[in-house]
Structures are given as structure tokens and as C-alpha cells.
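Fit chain B to the known structure of chain A by using the hints.
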Amino acid sequence: MATADTTVPAILEIADDCLILGHRLSEWCGHAPMLEEELALANMGLDLLGQARALYAHAGELEGKGRSEDDLAFLRRERDYVNCLLVERRNNDFAHTMLRQLYFAAFMQPLWRAIAANSSDETLRGIAAKADKEMTYHLRHAGEWVIRMGDGTEESAARMADAVDELHRYTGELFMASAARTAAITAGLLPDPEPIRAEWEETIATVFAAAKLTAPEIRTWQKGGRDGIHGEDMGHLLAELQFMQRAYPGQTW
Amino acid sequence: MPDAPMNNSKTQHLTPLWEVFIRPRNGLHHRHVGSLHAADSALALQSARDVYTRRGEGNSIWVVRSSDIAASDPSFAEPNFEPADDKIYRHPTFYDIPDEVGHM
Chain A
1 MATADTTVPA
11 ILEIADDCLI
21 LGHRLSEWCG
31 HAPMLEEELA
41 LANMGLDLLG
51 QARALYAHAG
61 ELEGKGRSED
71 DLAFLRRERD
81 YVNCLLVERR
91 NNDFAHTMLR
101 QLYFAAFMQP
111 LWRAIAANSS
121 DETLRGIAAK
131 ADKEMTYHLR
141 HAGEWVIRMG
151 DGTEESAARM
161 ADAVDELHRY
171 TGELFMASAA
181 RTAAITAGLL
191 PDPEPIRAEW
201 EETIATVFAA
211 AKLTAPEIRT
221 WQKGGRDGIH
231 GEDMGHLLAE
241 LQFMQRAYPG
251 QTW
Chain B
1001 MPDAPMNNSK
1011 TQHLTPLWEV
1021 FIRPRNGLHH
1031 RHVGSLHAAD
1041 SALALQSARD
1051 VYTRRGEGNS
1061 IWVVRSSDIA
1071 ASDPSFAEPN
1081 FEPADDKIYR
1091 HPTFYDIPDE
1101 VGHM
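Residue numbers (my numbering), protein chains in the order written: chain A, 1 to 253; chain B, 1001 to 1104.
Just chain A, with the same shape it has in the complex (with noise of 0.2 Å):
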């Protein structure tokens, strides 16, 4: 078993990722195109925010320095959130957020497989086990929509290019190894991503080939959250995330 300071750091990128695109998610509460992706959306967010609050628990837990969930994913400083590039990329349009959930769960779906099967941390196991339901509906959703999409209207298949144009050099990122990741990987509390880049790159082709859409070869990938520099539009994320914990201490409800 690694100890604490290689697997805190690991597990925090991934409760990061989950808390920040679960938080672009229910940015759309009141916003959605239809009742019915209203409800999806939030529903999705929802997941993200559990597997989120899960992972932070577990963090703190295995740091033992008494932060709690909510010190975690609220009083944080935005250089210390390790969350990825994709994740924290506006939600522009119907057509952006359904794309970067599908980057996301084709990435996220077979990672919590992984874990569920392979970790040495039995909580992170049971973490895992539900989290790869739920991200498998994520998946399927969010793959249904880019294809109805990309291979639709005029106006619907010119959104789903652009986000593809905007988009896809930040998944790249999502396979890269920090040195608080690769040492998890030698531990055995993490797999390998590599693997899971296969599988990826296959569910991306599957969706890309049925929905006309085609991914651009990007020659620089787009990184740098892992290390906690993060776009412009991280610091307007965190004021409305963060607001609450900021301006009433310790608030519950």
C-alpha cells in the first residue's frame, strides 16, 4: 500500500474532475433546451457530485489531517485543484456539453471498471462499483445525443464540428500520467491509462463514424490542470462553486 502522500494527491484528480464537470453540469439547472434534458443533465451532475463527495471523504480520510469533504471540494485555492482542461471548458452550447460528457464517460466508464476489479484500496472498490453504472449511462446518453447531432440538421451537425474543433485537443490530458498518478499506478490503487486509451479512441470512432463527425489530429494536446494551471475561466467557476463556504463558514443544511 502507497502511502498517504502519493494516494491523496492521485485521488484528488479524480474527485477534482467529477466536482468540476459535475458543477459545468448544474450550470444548466434552469437553462436546458427541453424539461427532459433539464432533468438529464442535473441527474448527471448529480452522479458526478456523489462520485465527487465519495472520493473527498476517502481523501481525507487517508491524508488524516482532519479536512473534510466539503474543506476539500470548497476552501481550496484555485492552483491546488488538479482537475483536467476538459472538464472545466465552458458549456457553450448543447452541443459542447454533450460532447465533453461523452469525452469524459468514454474515458471515466472503463477507468472506474478498472478500479472496481484491480484496486489494492477496497473503499475506492465499492467508489468504483457504482460509479461505473452510472458513468456507463452517462456514456450511452451523452453518445446518443452527438450522433442525433453531428448526423442532423444543418444548424445541429455545424454545432457538434465546432465543438469537435474546440474540444478534442483537451482530451488528450486525460492520459497523461502526474507523478502523484503514476506513483498510485505502481502502488496498484490506480490502472494504467494506457490501456484505457484503446478503448477510448474505439467508443469515440464508433460514435464519430455515426454521427459524419471526424476528429482533427492534433499535433500539441492541451495540458497543464494536472499541475493546477487552469483556463480562464476556472476562477469564474470557483467564485459561484466556492461562494457559499466563503461567506457563511461552515455552513450545513
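These are computed hints drawn from the structure, not numbers from a lab.
A couple of the hints might just be wrong.
Unchecked claim - Distance condition first, Cα-Cα at most 20 Å in a straight line; then the derived DMTMM-like pairs of lysine to aspartate or glutamate: (1) A:K223 <-> A:E194; (2) A:K133 <-> B:D1050; (3) A:K130 <-> B:D1096.
As the list claims (entries may be wrong) - So these bits of chain A aren't anywhere near chain B, every CB distance computed over 10 Å: (4) E36; (5) A40; (6) A54; (7) D71; (8) A114; (9) R148; (10) T153; (11) E166; (12) G172; (13) M176; (14) E202; (15) A205; (16) P216; (17) R219; (18) R246; (19) G250.
Unchecked claim - Label pairs and their computed distance ranges (CB to CB): (20) B:H1013 <-> A:A129: 40 to 48 Å; (21) B:N1059 <-> A:M244: 33 to 41 Å; (22) B:G1056 <-> A:L35: 19 to 27 Å; (23) A:L35 <-> B:R1025: 24 to 32 Å.
All residues carry an ideal CB built from backbone N, CA and C; glycine is no exception.
Here is chain B on its own, set in the frame of chain A:
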């Protein structure tokens, strides 16, 4: 900011109405629970899952295009249903049930 919703007639055309039926448990019937808009049956099933089964309401979903349902005409309700009202002998209420039978 997200886009403004599409105008209604366009939304109706692209996303027709579906009726949703949920089976609460194995062995029970699917029951009508409501309706929703969706582009096709796959998305209708997903939306039905999100709209109608968030609190463990069921383990099976059916959806059917509302336009595929043939409905009785409300203006024909009297000739349809009132002739049954005075045929009380069609209800099995004229028998004494032996106590041993218990609840029926």
C-alpha cells in the same frame, strides 16, 4: 449562456410526443405514468428513465408514440359506456362467499 430554446413548432416537429409506461415490479403490469418529447425511441427511453424512474419507481419502461395510440372518442362516451351501467348481473356480487375462501 445556453441558447434560447427552439421555437415550439420546430421542437414539436423534431421531437414528437411519447407516452411512457413503467412496470413497478416483476409480475405487475406496465402502467401509464406520463408523457415526454423525444426525437426517437432510444432518446425517449433515456428521458423516461430520467423523468420517471429517479426514485426507484420501476424496473422496465415502455414508450410509444402518442400519435400511434388510437383513442375512443369522448363525444361517443354515452353510447360506449352507459349501456353497461344497468347490467349489474355482470358483477359477481350475488354470491355468498364461504368464510373458508377468505379474501377474494
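**Asked** M176 (chain A): least C-beta distance to chain B exceeds 10 Å?
**Response** holds (31 Å)
**Request:** Take the C-alpha atoms of K130 (chain A) and D1096 (chain B), compute the straight-line distance between them, and say whether it is at most 20 Å.
**Result:** Violated, because 55 Å separates the two Cα atoms, which is more than 20 Å.
**Asked** CB of L35 (chain A) to CB of R1025 (chain B), is that within 24 to 32 Å?
**Response** holds (27 Å)
**Distance rule for A54 (chain A), whose beta carbon must clear each one in chain B by more than 10 Å** = holds (19 Å)
**Item:** 20 Å Cα cutoff - pair K223 (chain A), E194 (chain A)
**Value:** It holds: about 17 Å lies between the C-alpha atoms, which stays within 20 Å.
**Item:** Outcome for the supplied range 33 to 41 Å, where the beta carbon pair is N1059 (chain B) and M244 (chain A)
**Value:** At 37 Å between Cβs, range holds.
**Message:** Range first: 19 to 27 Å. Now tell me if the beta carbons of G1056 (chain B) and L35 (chain A) are that far apart.
**Reply:** The hinted range 19 to 27 Å holds for G1056 (chain B) and L35 (chain A), with Cβ atoms some 21 Å apart.
**Request:** Check the non-interface label on D71 (chain A): least C-beta distance to chain B beyond 10 Å or not.
**Result:** holds (30 Å)
**Request:** Against chain B, does E166 (chain A) hold up as non-interface, every C-beta pair farther apart than 10 Å?
**Result:** For E166 (chain A), whose nearest Cβ neighbour in chain B is about 16 Å away, the distance exceeds 10 Å, so it holds.
**Beyond 10 Å from every chain B Cβ - status for A114 (chain A)** = The assertion about A114 (chain A) holds, with a minimum of 26 Å to chain B.
**Message:** For A40 (chain A), is the shortest CB-to-CB distance to chain B above 10 Å, so the non-interface label stands?
**Reply:** Per Cβ check, A40 (chain A) is inside 10 Å of chain B; nearest 4 Å; violated.
**Request:** Taking the shortest Cβ-to-Cβ distance between T153 (chain A) and chain B, state whether it exceeds 10 Å.
**Result:** violated (8 Å)
The structure fails hints 3, 4, 5, 9, 10 (numbered hints given earlier, in ascending order).
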